[in-house]
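Trainee: Chain residues, written in single-letter form:
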Amino acid sequence: MKTLGQIATAASFAIFLLMAWGPILALFSATLSVPHAELAGWLIPGARRGWILAQTIVYAMAVAFFATATGTAAALYCWRRNDLLSATARRAALLTAAIPPYLHALAWLPISAALPGHGAGEVTGWLSAVWVQGLALLPFCFGLAYFALKDLDGHGIEAARIYGSDRKMLLRILLPLLRPACLAAASLALLLTLADHSVPSLFSRSTYAMEVFEEFSASHDARRALLTSLPLVLAGILTLIPLARFWRNAAQRPRSGGAKPVALEIGGLASLLLRSAAALAVLPAFALFAILLREAVHPALWAQAITAGAGDLATSAEVAALAALVAILPALLVSRSLNASPGRLWWLISVPLAMPSALVGAGLIWMWNRDLPIEIYGVFWMLVLAALARFAPLAALVLAVWRSRLDPALLEAAAVFGSPPRAFFRVELPMLSPGIAAGCAAVFALSLAELGASLLVAPPGRGTLALRIFNYLHYGASGVVAALSFCLMASTAGVMLLTAKLWKTQR
Amino acid sequence: MIEFQDVCKRLGNTVVLNHANLRVERGECVAIVGPSGAGKTTLLRLVAGLEMPDSGSILLRGVDAGRDGSLLPPYQRAIGFQFQDSALWPHMSLLQNLAYGLNGDKSRALECLKRAGLSELASRLPAEVSGGEARRAALARALAPENDIVLLDEPLSNLQKSLRVEIANWIARELQAVHAACLWVTHDPSDTEGIATRVLTIEDGELRETSTQPAQT
Amino acid sequence: MRTHFAFALSALALLAGCHQRNSRPEVVVYVSVDQVHAEPVLREFERRSGIAVRAVYDVEASKTTGLANRIAAERSRPQADVFWNGEFVQTLRLQAEGLLAPANPPAAATLPDLMRDPQGQWFANGARFRAILIHTGRLAPANRPQRLDDFVSPRWPGTDLAIALPLFGTSAAQAAALYATIGPGKARELYRLLSQRGVRVADGNSVVRDLVAQGRASAGWTDSDDSCEAIANGAPVEMVLPDQDGEGTLMVPGTVAKVAGARHSHQAETLIDFLLQPSTEKMLIESGFFQISVRPGGPVSPCLRGRTVKTLKVSLPAIAAQLDSSRRDLTAIFNR
Chain X
157 MKTLGQIATA ASFAIFLLMA WGPILALFSA TLSVPHAELA GWLIPGARRG WILAQTIVYA
217 MAVAFFATAT GTAAALYCWR RNDLLSATAR RAALLTAAIP PYLHALAWLP ISAALPGHGA
277 GEVTGWLSAV WVQGLALLPF CFGLAYFALK DLDGHGIEAA RIYGSDRKML LRILLPLLRP
337 ACLAAASLAL LLTLADHSVP SLFSRSTYAM EVFEEFSASH DARRALLTSL PLVLAGILTL
397 IPLARFWRNA AQRPRSGGAK PVALEIGGLA SLLLRSAAAL AVLPAFALFA ILLREAVHPA
457 LWAQAITAGA GDLATSAEVA ALAALVAILP ALLVSRSLNA SPGRLWWLIS VPLAMPSALV
517 GAGLIWMWNR DLPIEIYGVF WMLVLAALAR FAPLAALVLA VWRSRLDPAL LEAAAVFGSP
577 PRAFFRVELP MLSPGIAAGC AAVFALSLAE LGASLLVAPP GRGTLALRIF NYLHYGASGV
637 VAALSFCLMA STAGVMLLTA KLWKTQR
Chain D
28 MIEFQDVCKR LGNTVVLNHA NLRVERGECV AIVGPSGAGK TTLLRLVAGL EMPDSGSILL
88 RGVDAGRDGS LLPPYQRAIG FQFQDSALWP HMSLLQNLAY GLNGDKSRAL ECLKRAGLSE
148 LASRLPAEVS GGEARRAALA RALAPENDIV LLDEPLSNLQ KSLRVEIANW IARELQAVHA
208 ACLWVTHDPS DTEGIATRVL TIEDGELRET STQPAQT
Chain E
20 MRTHFAFALS ALALLAGCHQ RNSRPEVVVY VSVDQVHAEP VLREFERRSG IAVRAVYDVE
80 ASKTTGLANR IAAERSRPQA DVFWNGEFVQ TLRLQAEGLL APANPPAAAT LPDLMRDPQG
140 QWFANGARFR AILIHTGRLA PANRPQRLDD FVSPRWPGTD LAIALPLFGT SAAQAAALYA
200 TIGPGKAREL YRLLSQRGVR VADGNSVVRD LVAQGRASAG WTDSDDSCEA IANGAPVEMV
260 LPDQDGEGTL MVPGTVAKVA GARHSHQAET LIDFLLQPST EKMLIESGFF QISVRPGGPV
320 SPCLRGRTVK TLKVSLPAIA AQLDSSRRDL TAIFNR
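Protein chains in written order, with my numbering: chain X, 157 to 663; chain D, 28 to 244; chain E, 20 to 355.
The set of hints was computed from the structure by calculation and includes no laboratory data. Honestly, I wouldn't trust all of these hints.
[Claimed, not checked] Simulated DEER-style distance windows between Cβ atoms:
| id | chain 1 | residue 1 | chain 2 | residue 2 | range |
| --- | --- | --- | --- | --- | --- |
| 1 | E | Gly69 | X | Leu199 | 48 to 54 Å |
| 2 | E | Thr178 | X | Ala456 | 25 to 31 Å |
| 3 | E | Asp343 | X | Arg526 | 30 to 36 Å |
| 4 | X | Ala374 | E | Arg67 | 56 to 62 Å |
All C-beta atoms in this analysis are idealised placements derived from N, C-alpha and C, irrespective of residue type, glycine included.
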């Protein structure tokens, strides 16, 4: 039986690595044919590219800081209160978690356009991009901080309130205890921002990910683009160090009761800051609703959007749902090994998250556009594979973190009293179900917004809603885009609410 | 030092205290016993200001701590509290855990750790010490500020017999040194033998005195 | 209950993934023309020919080079039959890499020589052109730049003028065209002066359009489609057709090509022929994607209000040949 378990785990790993690393390795194998003399020229960025790389890293760091600081402050506000603002912020975060960054951009473009330099100047363009990308990632950061707060040792917090003021507790106990979650949030925000070029491009700012894409466009050589991207990937890898630390920290934490919500007395200014952050967490939802409603006010636009986009919306939803389901199955077993020996495996799982999407797409073409017994390239499943290649690691990471919070004694008890499959299905799986729901939701949300890889592998005749919305954005059909976005928002909100319900009943 | 005047407290549908009256004088140690879920810990939390009474007053040092928690937040009550599960902050060393309540005074914190027999482990994190050592560190944290009100929640549970006697004696010495009023929650009255001056039973919201023990000094 | 729900969801998702392939003849086209313009054209083709069109559309975030990249990446096993591009640079690049195949659509017979590849590897099917957009409130009719090189004249302060960064898209093509027509030395000097005079360099033609429309610049080089859009939106702007007393302005044709190794070769030829029909070109001019015909005397956009456009007589390959060297120079001049 043990061997069966080992085989299952090994198979899960193989499937997982094929999904996440396959495209990257396919491209790397192709670079072996590149003459060594040419390698250095492609690998080392020149002065201009170096400058863009530096700008990109600063931009990604600014986004990560903005999203994490605001998300954490909002979570601190919501954790300690049960008022209207807190309840609204929690719901808003849930509703907007699956909204792709470019829809946030749509909501804020008119405001950005009123800025000096048309919102596309050197400074205003970057600021607008940081604002939009930051708001788009805010729900993720808020969620991580909020659950970390919920998970804190309640007595530890109370002990701190006995031996010092609430302000001192906030600075010396709460924030240090939240640091791992904040670092994880910041790292994820940084990784996703480094790999994305869509939001800065809407504000006419070039990022390194765009450079990689342009290199690909100029040379039509994916190997060259891969080598060009390595400095970016390296920057991504460096950000994974705190993420790995968070994971280990989570694994070591003893199980304890949640903290009882308390009204903290931390002084007027600090209170105001937290309240503002909570308001900021609500803002994207309101801005999206307000602007989308304003743009899509004519019934004719709705009709046009629904006729044009219904099929694409269905495709997007199918791709995202399938990606979430397919990602979670191997992740169940992969996360077990990840939990047992974090160090090396962590890198193996996380690095694919830092790959620019266009390269993932090119890698998928290298991998699958060949004569196989079953035709895979050019069919619907390529979109699912693209989503998996980009986001399947996230499912394993979320599950691993959830798994680390389980009491090992309960799993050991299950192993003592039942056969391994019985222990897995009757005890382990139900205990993991909130983690499964969270992992699925994360993959679903990000897959819905996937653009760069989908463009390269979308089967002819079947596009996703993300592709259509981005195509329309260029044309300036903001009314139709707004109506399409509204459909996308409504359907994702439904999925997120369902997940939240599942989470609540299981917790 | 600690006085409950007609205090009522419900947790959900359970009545924890029903018009309870209690008075603990300085230098007095009162053991609280009772079945699980009877509200022993809640009693301590009311004193600490972590729970608010539904009605009635709680007086500390003759001053009404108030029904509204904002009147006297926990840290202004100047008490020592030892939680049943230690509740040490995992990101701080044992020394830092103690110094937190001493306004960062590390030499005093080290002195307290020495008295608890933990000076060798001062720089260790809570996760790096045994359960018994963590328990002693948590006790040291409660006693270190030398407050005249000390609340202890099962300080000896899950400890070896030999260690229990040793720690009980240490607690007694520390309490006596500051002449503190102490509420000691336990499920085993023999733990407080020779230390507690009185034993109160809490059951169905009622506080009843069961015996008076001579304090062993 | 929950298990049943999960199973039902999984089954649904799996079923959703399976789609029946149509048995009628089909053609696969990669489209780098805005979907909103291209889709009605392709529907019309399906209706008339009975051939099912399976299209992939490009997005602006990839500077509409995503599908050209895809064709290159698929070179070992081509999937596309037809590449329909809104401009010509990427098409010529694919041709240079041997990724296009010759076609012989009857409708190409009426195309001028400059608008088709002699080997039939690409054909133009309607065009935009480079224009100067003027803010009517800031510049009186007698005081409007009429030529591209007016932008280096001291008559207009440099900071009142705007151009798009000439490294991408049609702005790059315009620079390459200048290299090809007036020579690299003169063209380099023109851009050097523009940079030196402090002419505003925006990141795209649509940004130039907005700068002028909002009165934050008096005049700017941009594309005819952007100009017409600003006019249609009621902005206080006017479009000047540059260099009409000289060589004419650069025409930026859209191109159609058959992909080498096309699986549906016959259907590809049919689609290409349809896309080259004057009636198709008219549809695209009416929808606002193109402004002028590639055939002399063909239809023009109403936004031109009856004016005819004199265009530069230069071959597209001659422009494409200058792209790399002009880009190198301009990267240095504009410090990018």
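Trainee: List, from low to high, the hint numbers that the structure doesn't satisfy.
Mentor: Of the numbered hints given earlier, those the structure breaks are 2 and 4, listed in rising order.
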